[in-house]
Amino acid sequence: MADELLMGAYICKGCGIGDRLDCGRLETTATRDGKAKFAKSHDFLCSAEGVAMIQADIDAGETNHLIIGACSRRAKVEAFNFQNVTLSRANLREGVIWVRPDTDDARETTQEMADDYIRMACAESKFMKLPKGSGEQPLNKNILVVGGGITGMTAAIEASKAGYPAFIIEKSGQLGGVMAQLNKRVATKSPYAEPEDTTVDALIAAVEADSKITVHLNATVTKTSGAPGRFSVDISTESGATTNLSIGAIVQASGMKQYDANQLTEFAYDKSDNVVTQLELEAMAKAANGGPIKRKDGKEVNSVVFVQCAGQRSDKEGHLPYCSGFCCTASIKQAMYFKDQNPGVDTVIMYDDLRTPGAGGEDFYRSGQKKGVIFTKSSVSTIDASGADLTINFHDKILNEDQSMSADLVVLATGQVPNSGPDPYAVPMELEDDASAEDKQAAADAHEVAIGVDSILNLDYRQGTDLPHLKHGFTDSHFICFPYETRRTGIYSAGPVRRPMDSMQASVDATGAAMKAILEIESAAKGAAAHPRSGDLSFPSFRIEGCTQCKRCTVECPFGAINEDAKGYPQYNESRCRRCGTCMGACPVRVISFENYSVDSIGQQIKNVDIPEEFDEKPRILVLACENDAYPALDMAAQNKLEYSAFARIVPVRCLGSVNTIWLTDALNSGYDGVILMGCQKGDDYQCHFVKGSEMAHYRMSKIADTLKTLNLEEERVATYEVAITDVERTAQLINDMAETVEKIGMSPFKF
Amino acid sequence: MSNLNNQMVNKYRNDFLKEVEANVEEGDWVKMCMQCGVCAGSCPMGPYWDHPPQEIFMMIRAGKREEVLSSTSMWMCTSCYNCIARCPRELPITHIMHGLAHYGKRLGIAPKNQPTLKFSQKFWENLMTNGRVNELKLGITLYFIDGFVQGIKNALAASGIGLGMFKAKRLDPMEILGGHSVKDKSGLKAMIKKAQEIEEARISGNQ
Amino acid sequence: MTDVVATNETILVVGGGVSGMTTALEAAEAGKQVILVEKRPYVGGRITQLYKYFPKLCFPTCGLEINQRRTKQNPNVTVLTMAEVTSLTGSEGNYSATVKISPRYVNENCTACGACEDAVEAEFDNEYNYGLDKHKGAYRPHRMAYPERYVIDPAMIGTADADKAKAACKFDAINLEMQEETVELKVGAVVYATGWRPYDANKIQPYGYDRYKNVITSVEFERMNDPMGPTGGKILRPSDGKEAKDIAFIQCAGSRDRNYLKHCSRICCMATLKQTTYATDADAKSTVYYIDIRAIDRFEDFYQKVQKDENVKFIKSKVANITEDRETGNPILNGVDTEGYNRYATPHELVVLAVGMEPSLDASTLPEGISINEHGFIENDGTNGGIFAAGCASDALDVNRAVQSATACALKAIQVVNRVAGSEG
Amino acid sequence: MAKEYSYYPGCSSQKGASGSNLQRSLNSVLDVLDIKLNDIPDWNCCSASIGYSGGGELPRLALSARNIALSEKHNPGQEIVASCAACWLATRETKERLEHSEAMRSGAEEALKEAHLEISKEMPKVRHMTEVLIEDIGFEGMKEKVVKPLEGIKIAGYVGCQTNRPFGINGESFENPMYLDKMVEAMGAESIPTYEKKVACCGGALAFSEPQKSQALVKGIIEAAYDNGADMIVTPCPVCQMNVEIYQDQINATYGTKFHIPVTYYSTLMAVAYGKNAKEAALDGQVIKAKKLEDIANK
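Chains as they are written, first to last, in our numbering: chain A, 921 to 1672; chain B, 9 to 215; chain C, 2 to 426; chain D, 134 to 432.
Looking at chain A on its own, in the form it has when it is part of the complex (with noise of 0.2 Å):
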């Protein structure tokens, strides 16, 4: 593509613009204030035939920056879909026509707006430069994946099916993990019935036989640097051999531990060997081998009964508060153990609710039940092992009473706690300019403490050396739409690290995490990015001699993508980044930018609507919107036709978090009257896709009073919200709402 800067404007007559708007009129703001090199209108621009006439011009040489003035961004996207060019679009559809009325009286304002949004259009056009990817990485298929249990060996496998080769890190002696621990597995075929085979050793000897996997035991991660397509990974083994991988992306799958029952003193597990946890029960079913399951003075088992939730779903101190969800499954496989080798033996189950979901589960809860596993809907107080057998005390809760009986042996249903490494953000690091020497050390510290556990991965990276968790020690992702996306990119966990899950569930998650590394790996090759902007080849690149060594954009990325050099400049990392921009709007000296957006991209934007003067009584309102959720919103309110003031100008962002507050100052600087800021929400169900964007905006905007101090500004001039995609009509009156406010205030004095 020409380096020369070729505008061409395309004003769309279509859908009413042509009858509402004077297209003319448009045609001439583009070339004169927007400097495009031409301006076309047609009456039905996404046609065909208005496609190729935009293709010819591109083909001629004409044009290799354009600006579509029609409908939102959002519609007909396949149309308007060319290549080696940039795009800007004017909203005059949605943005503009469909959220004012058809009145004389409006028709003034209406074509202003419109007028400013081809101005801003090309503003944008001009400040934009196609994006290319660095390039900073070649096609790397390696899949390191950490932990060689059932989940490890799973992701491993899959990988290398389709082609791609996988080196399992384990940190003990053999593969298999918890798996290998058990006698058998919860039935996972129709009729559910039965419980099968673990299966650990077709997968352990699965992995032997594949060329494309290579086994690591008694290894560890020592050091994990670089990004997706260009990891450097050493590996450590106990005798002190150290092994460099060049890998191109990672799957953490380190598993879980038993949650320790010794805090379970009610249940006298510290007092006698004939309770134990479910884990420990497998290894006497193991012993048994088939035969009569045994405690451990050799007497056989004639009874047997199985606490669930067993330090779970509770608030006590030191126990677990989630359920773990396997739990109810595996005892009643375990009760299975016992009634299938003797019917006799008594087995009964003490629940609360029995959690046996999906069309396995209940049939599984069934096929105990014909074996006549005994259930009961109560709550055990505590466990007397004073006496040659154990005393079960409960209240049965159908019964309504308090009851107890005697059994040879316990088993406690004890759960799963993940095999996470250190949570980075256990306090805070983002701290304050101001912060006092004292206050640094003390989160320091803090930070120490929080991050006793040993890490996983080791991440050489300036935001510490694990991913980051959510809840309860089980790794973040926005786990509803897009359970993958961890926030280090390239690097997915699987399994009970990531929430507590069955082997059968595992599995299943385990190739899923596969296929997100294998779809990293191809991302990462072409310099494009992953989830939510895939495909984007725009990266952010920065003028080193503006930089003040500040460490803003390495503290306050989301993704820890940036590193830090020795001098303390930041080190971006293509293929770590997510292309939310937040280190762009966290730069106070505005060197960072991706080529086609940019402080300038979008500063100039606001600069270019025209302001009029004070006593025209047309205030402008700057609207800076999430391009996910905010933006949608409102074109939903101009589908809704609902209408909004005409003094508003609507800026689509990537996320709040790249709002540079040099957008706001210039705007309230250069005149306007108003300036609303709408995000997604943030905190713990954040719906942030960026995950802190919105969280960091508002953080910087609840420092903007002091800036309208000093311009003695009205503080209501600015107003950050959170919003969602559906609020529809709460869009639209917001923009409203500043209207009046600023009706009430008065305009700003500072248009000149």
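Be aware that one or more of the hints could be misleading.
[Stated by the list, open to error] 25 Å max Cα-Cα, derived SDA-like pairs, lysine to any residue:
1) A:LYS960 / A:ASP979
2) D:LYS352 / C:GLU328
3) C:LYS243 / C:THR347
4) A:LYS1671 / A:ASP1657
5) B:LYS193 / D:LYS148
6) B:LYS197 / D:LYS246
7) A:LYS1446 / C:ASN77
8) D:LYS412 / D:ASP364
9) B:LYS177 / D:LYS148
10) C:LYS204 / D:LYS315
11) D:LYS148 / B:ILE169
12) B:LYS120 / B:ASN13
13) B:LYS19 / A:GLN1289
14) B:LYS120 / B:LYS193
15) A:LYS1104 / A:LYS1259
16) A:LYS1206 / A:LYS1290
17) C:LYS135 / C:LYS214
18) B:LYS126 / D:PRO344
[Unchecked claim] Listed below are several chain B residues computed to face chain D (Cβ distance under 7 Å; list not exhaustive):
19) MET67
20) THR86
21) ARG140
22) HIS188
[Said to hold, decoys possible] Computed list of chain A residues with no C-beta within reach of chain C, every gap over 10 Å:
23) LYS955
24) LYS1214
25) ASP1429
26) CYS1470
27) VAL1511
28) ASN1548
29) LYS1623
30) GLU1663
No lab work stands behind these hints: they were computed from the structure. Backbone N, C-alpha and C fix where the C-beta goes; we use that ideal spot for every residue, glycine too.
Given chain A, work out where chains B, C and D should sit, using these hints.
For chains B, C and D alone, kept in the frame of chain A given last:
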């Protein structure tokens, strides 16, 4: 009979569920209950049950032998089959209730003077005499079930009914002289006797 | 005529709900050719009809927006809407699928300007809102419906209204002569993401969904709570349009029951817990009648949160039957609270049946020998050749598990077409 | 050519017994519909799901097994039909139980030997009279024979328990079956499809032992019929018919109600609609006279 009861106590020790599975009609199903309570809520006589079926199943699992077998609850069953129709686990609850009632009676620990127990017993005896039910005799025996005086009261209270039925030719006074009957009484009796022997053997045969 | 390029290195995804979209997009972004076949006129499936997701109470359309953007900008995905796979034959690496495409009567010229909708009078039951309201004969199924194109209801064809619609379109986007067509596709791997349908509540006779106006289903309740839904986000009683302030939720309505669906539908407990928050937001009281609350794994947090809400009551009981108070139109729930045997006959203003998930897979379209269990789900047991089941075609799953399953299926399908590519070159 | 069935009349249908009017009216109807019933010779009582105190499981099953065996012996190849709900239920249940449980089957066979009887592997199908009418004749077929449509009579169709559960009529709901209403409509009368007590239990089994409890249930059934503006109640079940009809005075005495509503059999309706006279329709068997039907019958 109650020595059979003792035999059973000794035989099954504390495992009442096993006893029920072995000796009670359809008792095998008890373990399949998931305590949803739909049966309890569906019973037209519900309010009169000390323990609704689902609770009885839980009591069986909890080994509450005496409480269950001597309960009046099962005798409240009207055989309307609502419970069976609605049970999500297809338990034949009606039959289990009949079975428990019968088993309690067989062991001699069913509640004394339970009216339905008596009626049920009379009904059986009545049909055993001729192989068919003689409604008049059944009626009369029932009126005197609680003794002569009460019987007269009952009879008087019901006389209107008897009269109405008589007028409607639906109560035949001639029945008192024998009335309907199967021809092959002996065959029928022999058959029932045999059936009873087999059942006895099955239950005490478990000894 | 729709012409679709497909080879045995192409992946066919049947069903364009959240699972199908996920499989299709993961595979397409990894560079594979994908054809996504969706029965409805738009992608997104059932999640487009949900107001909020549990447990975050965030909005499904938020994730949908991203997936639709991914679809719009990815040339590797071909989306066929109003299309159904009527038969599938062949074997791994070499399947041929017959796809029936119903006429939309609107072509790609459509700009979704809405002129046709304004022009027509005729209205039809709105399936998107489970028939709680009507849509015009020319309509856009919902505000974010993609492809961003209108639909003409077939029932309107041949009426004067249809001509009005055609006349109103400035872009010649309406073609009333459009016919049903059939295309044959050669593909290497097939992922079934056919999803689920709500169990037919009419069959749950004891609850009288067919007899009592104020007994509704959980999916209808979900639509009611959407501010853009049929009641503008208000919880209104069908009988008298009054706001319901005392709402009962009946769990396992059609699930865990040999009379209906034997399996546990997994999502209903969480869906109900979520819906009690709608009720609380509307100053209504909730009573949840349940057998077991299956708020599995991390969802337990949400259960505990709801338990702390004094507007929500939990009763461990499968409701026996529902009768109706003729005066008030209040459904009366009859049953026994099994925790200590307490009999109840409690009137509520509105009853919501947490209806189960029934797989909407039509097994007859599959080749012989595919593992389908007694509940109607396809089992990915490794014996199905190049055919895989994603999301609720494989089991009753919530959204995040469906997405995991769908992501896994993308890799399974990629393995197949990679093998084909390998063997062929 | 008449359809032939092996018929199990049951105790209440006997001459001079509580359900004799069912039998009589039914006979007049079947003769119109050209259906021939061959009584099972020497049939015995089924113990009607109440004999369980005295009779154990196997003895009770044996009773019905005997009837089945007799039917197979004397009416070979014919389906067994019963008009009494209890009889039908006991017999059909026995068939299924013996087919599902080897133990029960061998026990029953051994017992039957004592009476020199036996049952075959595939026992005959056991059907309810209404099943025969609905499935073999059909609502249209029933309607065709109507000569005196029962115009102007509003009838609450009371199905009761055992005709409906656990087997019921194929394709009908346990909670709200429609077939009785359809039969009423077919006879030209007005039905009440929304009658809430359609399948409620009348407590018939406890009528003698727990009269108060049973009558409390009957009260609800009659009340609902009045609330729906019914002129009369119709039922297929002899126990229901008797229980709902004959205790109305006692109920009135207990609750101060003024119940006086006729309760007839579907067969009574049909007989009248088919032009039979009051006697043939067994209207003389009513304890509470069904005036409106009598008027039509005497026309």
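Right, here's what the structure says about each hint:
1. A:LYS960 / A:ASP979: holds, 16 Å
2. D:LYS352 / C:GLU328: holds, 20 Å
3. C:LYS243 / C:THR347: holds, 19 Å
4. A:LYS1671 / A:ASP1657: holds, 22 Å
5. B:LYS193 / D:LYS148: holds, 20 Å
6. B:LYS197 / D:LYS246: holds, 12 Å
7. A:LYS1446 / C:ASN77: Status holds; Cα separation ~16 Å.
8. D:LYS412 / D:ASP364: Holds - the C-alpha atoms of ASP364 of chain D and LYS412 of chain D are around 21 Å apart, at most 25 Å.
9. B:LYS177 / D:LYS148: Given that 25 Å is the threshold and the Cα spacing comes to 9 Å, the pair holds.
10. C:LYS204 / D:LYS315: Holds, at about 20 Å.
11. D:LYS148 / B:ILE169: holds, 18 Å
12. B:LYS120 / B:ASN13: holds, 16 Å
13. B:LYS19 / A:GLN1289: Status holds; Cα separation ~23 Å.
14. B:LYS120 / B:LYS193: violated, 31 Å
15. A:LYS1104 / A:LYS1259: holds, 14 Å
16. A:LYS1206 / A:LYS1290: holds, 24 Å
17. C:LYS135 / C:LYS214: Distance ~18 Å between LYS135 of chain C and LYS214 of chain C Cα, so the pair holds.
18. B:LYS126 / D:PRO344: Since the Cα atoms of LYS126 of chain B and PRO344 of chain D sit roughly 14 Å apart, the hinted pair holds (cutoff 25 Å).
19. MET67: violated, 20 Å
20. THR86: holds, 5 Å
21. ARG140: holds, 5 Å
22. HIS188: Holds, about 5 Å.
23. LYS955: LYS955 of chain A clear of chain C: closest Cβ-Cβ about 28 Å, beyond 10 Å.
24. LYS1214: Holds: least Cβ distance 33 Å, greater than 10 Å.
25. ASP1429: Violated, since 6 Å does not exceed 10 Å.
26. CYS1470: holds, 32 Å
27. VAL1511: Its Cβ never comes within 10 Å of chain C, the nearest being 29 Å, so this holds.
28. ASN1548: violated, 6 Å
29. LYS1623: holds, 28 Å
30. GLU1663: holds, 27 Å
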